[in-house]
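If you count by the working numbering, then the sequence shown holds residues 513 to 595, one letter each, in order.
Keep in mind the hints are simulated off the structure, nothing from the lab.
Just so it is clear, the structure is predicted and the values come from calculations on it, not from any experiment.
All C-beta atoms in this analysis are idealised placements derived from N, C-alpha and C, irrespective of residue type, glycine included.
Check each hint, because a few of them may be wrong.
What the hints assert, rightly or not - Listed next, with one range per pair, are the computed distances between beta-carbon atoms:
#1 E588 with D556: 29 to 35 Å
#2 A558 with P594: 55 to 61 Å
#3 R562 with P590: 43 to 49 Å
#4 Y539 with W581: 16 to 22 Å
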Amino acid sequence: MSDEERRSAAARLFDVRRVIGGLFVAYGLIVGAAGLFDSRAEIDKAEGVRINLWAGLGMLALGLVFLVWQWLRPAEPPSPPPE
513 MSDEERRSAA ARLFDVRRVI GGLFVAYGLI VGAAGLFDSR AEIDKAEGVR
563 INLWAGLGML ALGLVFLVWQ WLRPAEPPSP PPE
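Let the sequences and hints guide you as you build the complete structure.
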């Protein structure tokens with residue numbers, strides 16, 4: 513593996529969009545699943561809105577946007593300094 517390929521792989525591995533997207537997807541799944549099983553009292557407390565379900569779906573969508581963005585426009589490795 514050449515030095516340029518190694519830098520490119522490292523740039524993709526440590527892309528912050530992957531970390532943010534992954535966390536939003538994970539939390540979105542957790543919060544959304546909790547929203548599926550809200551009790552009647554929790555729904556009434558939120559004025560009849562399944563707020564956990566909607567927040568979870570929003571977080572899931574945002575996380576997927578970050579992951580698709582990272583997939584469509586991968587990070588470029590830094591250019592080597594001039595000699």
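Right, here's what the structure says about each hint:
For the hinted restraint 29 to 35 Å between E588 and D556, the CB-CB distance of approximately 51 Å leaves it violated. At roughly 59 Å, the beta carbons of A558 and P594 sit within the given window of 55 to 61 Å. Range check, R562 to P590: Cβ separation about 45 Å, and the 43 to 49 Å hint holds. Between Y539 and W581 the CB atoms are about 18 Å apart, so this pair conforms to the stated range of 16 to 22 Å.
Violated hint for the displayed structure: number 1, the only one.
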